[in-house]
Amino acid sequence: QVFCTKLSEAGISSEVITGIFSNISSIYCFHGQFLLPELKTRITQEWNVNPRLGDILQKLAPFLKMYGEYVKNFDRAMDIVNTCMQRSSPFKDVVQNIQKQEVCGNLTLQHHMLEPVQRIPRYELLLKDYLKKLPEESPDRKDAEKSLELISTAANHSNAAIRKMEKMHKLLEVYERLGGEEDIVNPANELIKEGHIQKLSAKNGTAQDRYLFLFNSMVLYCVPKLRLIGQKFSVREKMDIAGLQVQEIAKQNVAHTFSITGKKRSLELQARTEEEKREWIHVIQATIEKHKQNSETFRAFNSSFSQEEEHLPDSSIASTSSVESMPGADGGGTIGGSDSSRKSSKSKRDKEKQSCKSCSESFNSITKRRHHCKQCGAVICAKCSEFKPLADNSRHNRVCKECFLKLPASPCSPGVEAVGEQKKKLAAEKQSLLAAENSLFSSYLQFLEKGKTWYKMWVTIPKSEPLVLYLQGGSQDGRSPRPIPLPGYEVSLPGSGEKFDVKHAFKLCQSHQTLYFSAEDEELQMKWMEILTKAAKGETEDTAEGLSNP
4 QVFCTKLSEA GISSEVITGI FSNISSIYCF HGQFLLPELK TRITQEWNVN
54 PRLGDILQKL APFLKMYGEY VKNFDRAMDI VNTCMQRSSP FKDVVQNIQK
104 QEVCGNLTLQ HHMLEPVQRI PRYELLLKDY LKKLPEESPD RKDAEKSLEL
154 ISTAANHSNA AIRKMEKMHK LLEVYERLGG EEDIVNPANE LIKEGHIQKL
204 SAKNGTAQDR YLFLFNSMVL YCVPKLRLIG QKFSVREKMD IAGLQVQEIA
254 KQNVAHTFSI TGKKRSLELQ ARTEEEKREW IHVIQATIEK HKQNSETFRA
304 FNSSFSQEEE HLPDSSIAST SSVESMPGAD GGGTIGGSDS SRKSSKSKRD
354 KEKQSCKSCS ESFNSITKRR HHCKQCGAVI CAKCSEFKPL ADNSRHNRVC
404 KECFLKLPAS PCSPGVEAVG EQKKKLAAEK QSLLAAENSL FSSYLQFLEK
454 GKTWYKMWVT IPKSEPLVLY LQGGSQDGRS PRPIPLPGYE VSLPGSGEKF
504 DVKHAFKLCQ SHQTLYFSAE DEELQMKWME ILTKAAKGET EDTAEGLSNP
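Residue numbers for the sequence shown follow my numbering, so the first one is 4 and each next one is one higher.
The hints are simulated quantities; they were obtained by calculation from the structure and are not laboratory data.
Misleading hints may appear alongside valid ones.
[To be verified] In silico EDC-like cross-links for lysine to aspartate or glutamate, where the CA-CA straight-line distance does not exceed 16 Å:
#1 Lys167 with Glu118
#2 Lys95 with Glu12
#3 Lys136 with Asp146
#4 Lys510 with Glu452
#5 Lys455 with Glu493
#6 Lys235 with Glu179
#7 Lys293 with Glu364
#8 Lys196 with Glu279
#9 Lys62 with Glu542
#10 Lys280 with Glu299
#11 Lys459 with Asp504
#12 Lys459 with Asp524
#13 Lys466 with Glu440
#14 Lys75 with Glu118
#15 Lys68 with Glu127
#16 Lys506 with Glu493
#17 Lys540 with Glu41
#18 Lys131 with Glu118
#19 Lys466 with Glu542
#20 Lys540 with Glu493
#21 Lys241 with Glu197
#22 Lys173 with Glu152
#23 Lys506 with Glu525
#24 Lys95 with Glu72
#25 Lys202 with Glu240
#26 Lys241 with Asp186
#27 Lys235 with Glu185
#28 Lys62 with Asp146
#29 Lys377 with Glu405
#30 Lys267 with Glu240
#31 Lys62 with Glu152
#32 Lys459 with Glu523
#33 Lys254 with Glu271
#34 Lys167 with Glu193
#35 Lys173 with Glu185
#36 Lys506 with Asp524
#37 Lys136 with Glu148
[As the list claims (entries may be wrong)] Pairwise CB distance ranges (calculated):
#38 Pro54 with Glu279: 54 to 62 Å
#39 Gln250 with Glu18: 47 to 55 Å
#40 Ser495 with Gln234: 35 to 43 Å
The beta carbon of each residue, even a glycine, is placed where N, CA and C say it ideally should be.
Work out the full structure: start from the sequences and follow the hints.
Next comes the structure, spelled out in structure tokens:
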């Protein structure tokens, strides 16, 4: 209502706005049109005859899955906000202007964006308190316990995002206090400790007021600035944790002293008390040790991966290495030719490691992590990989999709049988959910979301979740059914500008998402549109009346 609207009016692109606010309009619609009205009606009009909350929350809990999309997008949204604040003057002006207004409560855009992430954990705490006070024999206990179970699952995802956001807020705060001198706002950075310290002058031994920021990868040695607003510290020295040393020192007539020595500079420092000195030494030493352990683990991983690469029979790396080792290859046997070939090979390898072999998307440390196929060694992302037991061990190993299709099942491997049983059980549960006899309505429909390819899908609304549409089949083959919470969607026929080769098409629209369906005949099309329209309005009581599966 405030940030999103004002940024749109200022002409900020829809891609940026969607990237920041994700599906917040759908979440707002769900609360405004469904959850809030039902709770209000129950508490203000029906409480005397029906004092329950659990039934409402259990019925609407599946729609809290909408928060999953918002939480999943949260890191990316923070990155977009930080980038736009630095690079786009119109964006920065609008945001800063809004943040000064009373409606913002002196909080930043980032603080307000965190509110939806915190909403689910708050529901979880409220339900726990409600259950503590609810008598054991209460008719609402069963529904309330089921609601808590559903909401707790969603809360786990939100809590992880909150912890990450709290870390980012600390970094943002320090970044502002440093006047933007050091680019420290990075998910890999973590603030360990900060505080005032005295620096002993090498010339005359006088104490000078200084300030230390200790991060997991560096120490920032700063000079305080006497300002009420704006920049509070100026960075005098940046010292990497790698190679840093800290030790206690004894100085005549000066107590509580210690030194930190980096690759370029050594500092003699004085704490206010003996206890404070010991704490600084202990925390810095612990940070150095942890950094060493992480570096050794990383080096060991890189070393083992390099060895794996050297022994890959079919990889381009192996074939390139063998060409390089041949006399006269790519340089007539000269040393220069060999070096050039090796550099070229290394450059190619490094480039291949920056993006996924299958989808070609670039890797990053948060949302697009790098993995390796245990069969062919290809560098892949999680989306483009599957898990399969290999002949030499019983674990489920990550492999690329090409190897997943080529590899035979390995029944003789220990543990595979148990995995197979588990898969069968999950498949049975999935089929049970999708079965026609357990659904309010179901049928095959053609489905289109992006691109031009229509997929034949089994589409169902289960009796257990009357306001959720499930899709199975087509591009979803081999995966869990895809749930689509229906409240907030609009059901309509395609517009005049939307031309399709299929007949009897209709669509579901919500926020920036549009899903297209096509039925076999007009009767089935009208039936689905009627059912989906009711479910989108949150109507469940009469949805099942008169329905029969085709």
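Each hint tested on the structure:
A C-alpha spacing of about 14 Å is found between Lys167 and Glu118, which places the hinted pair at or below 16 Å, so the restraint holds. Restraint check: the Cα-Cα separation between Lys95 and Glu12 comes to about 14 Å, which is no more than 16 Å; the hinted pair holds. Proximity of Lys136 to Asp146 is assessed by CA-CA distance (about 15 Å); at most 16 Å being required, the pair is judged to hold. A threshold of 16 Å between alpha carbons decides the hint, and for Lys510 with Glu452 the separation of about 10 Å falls inside it, so the pair holds.
Our distance criterion of 16 Å between C-alpha atoms is broken by Lys455 and Glu493, whose separation comes to about 22 Å. Among the hinted pairs, Lys235 with Glu179 is consistent with the structure: their alpha-carbon atoms are about 8 Å apart, no more than 16 Å. Taken as a hint, the Lys293 and Glu364 pair is broken in the structure, with Cα atoms around 32 Å apart against an allowance of 16 Å. Between Lys196 and Glu279, the direct Cα distance comes to roughly 12 Å. Compliance with the 16 Å bound is thereby established for this hinted pair.
The straight-line distance between the Cα atoms of Lys62 and Glu542 is roughly 11 Å, inside the 16 Å bound, and the hint therefore holds. With a CA separation close to 29 Å, the supplied pair Lys280 and Glu299 exceeds the 16 Å bound. Our distance criterion of 16 Å between C-alpha atoms is met by Lys459 and Asp504, whose separation comes to about 15 Å. Using a Cα cut-off of 16 Å, the hinted pair Lys459 and Asp524 holds, with the two alpha carbons roughly 15 Å apart.
With a C-alpha separation of about 9 Å, the suggested pairing of Lys466 with Glu440 holds against the 16 Å cut-off. Between Lys75 and Glu118 the alpha-carbon distance is near 14 Å, which keeps this suggested pair within the 16 Å criterion. For the suggested pair Lys68 and Glu127, the alpha carbons sit about 14 Å apart, so the restraint of at most 16 Å is met. With a CA separation close to 20 Å, the supplied pair Lys506 and Glu493 exceeds the 16 Å bound.
Distance hint between Lys540 and Glu41 is fulfilled; the C-alpha atoms sit about 12 Å from each other, no more than 16 Å. Distance check on the hinted pair: Lys131 and Glu118 sit about 20 Å apart at the alpha-carbon level, beyond 16 Å; violated. With a C-alpha separation of about 13 Å, the suggested pair Lys466 and Glu542 falls inside the 16 Å cut-off, and the hint holds. This hinted pair checks out: Lys540 and Glu493 have alpha carbons roughly 9 Å apart, not beyond 16 Å.
Between Lys241 and Glu197 the CA atoms are separated by roughly 14 Å; this keeps the pair inside 16 Å, and the hint holds. The hinted pair formed by Lys173 and Glu152 fails the criterion: a straight-line CA distance of about 32 Å is larger than 16 Å. With a CA separation close to 9 Å, the supplied pair Lys506 and Glu525 stays within the 16 Å bound. Simply put, Lys95 and Glu72 have alpha-carbon atoms about 26 Å apart, too far for the 16 Å limit, and the pair is violated.
Between Lys202 and Glu240, the direct Cα distance comes to roughly 13 Å. Compliance with the 16 Å bound is thereby established for this hinted pair. For the suggested pair Lys241 and Asp186, the alpha carbons sit about 12 Å apart, so the restraint of at most 16 Å is met. Of the supplied pair hints, the one linking Lys235 and Glu185 holds, its CA atoms being roughly 13 Å apart against a limit of 16 Å. A distance of roughly 9 Å separates the Cα atoms of Lys62 and Asp146; the hinted pair therefore holds under the 16 Å criterion.
Distance restraint check for Lys377 and Glu405: the Cα-Cα separation of roughly 12 Å lies within the 16 Å cut-off, and the hinted pair is therefore satisfied. Restraint check for Lys267 and Glu240: satisfied, since their Cα atoms lie roughly 10 Å apart, inside the 16 Å limit. Between the alpha carbons of Lys62 and Glu152 the distance comes to roughly 13 Å, so the proposed pair stays at or under 16 Å and holds. The straight-line distance between the Cα atoms of Lys459 and Glu523 is roughly 11 Å, inside the 16 Å bound, and the hint therefore holds.
Distance hint between Lys254 and Glu271 is fulfilled; the C-alpha atoms sit about 10 Å from each other, no more than 16 Å. At roughly 10 Å between alpha-carbon atoms, Lys167 and Glu193 fall within 16 Å of each other, so this suggested pair holds. A C-alpha spacing of about 14 Å is found between Lys173 and Glu185, which places the hinted pair at or below 16 Å, so the restraint holds. The straight-line distance between the Cα atoms of Lys506 and Asp524 is roughly 8 Å, inside the 16 Å bound, and the hint therefore holds.
Between Lys136 and Glu148 the CA atoms are separated by roughly 13 Å; this keeps the pair inside 16 Å, and the hint holds. Checked against the given bound of 54 to 62 Å, the beta carbons of Pro54 and Glu279, roughly 56 Å apart, stay inside it. One distance hint, 47 to 55 Å for the beta-carbon pair Gln250 and Glu18, holds here, with the actual separation near 53 Å. About 54 Å separates the C-beta atoms of Ser495 and Gln234, a value inconsistent with the hinted range of 35 to 43 Å.
In this structure, the earlier hints numbered 5, 7, 10, 16, 18, 22, 24 and 40 are contradicted, and the remaining ones agree with it.
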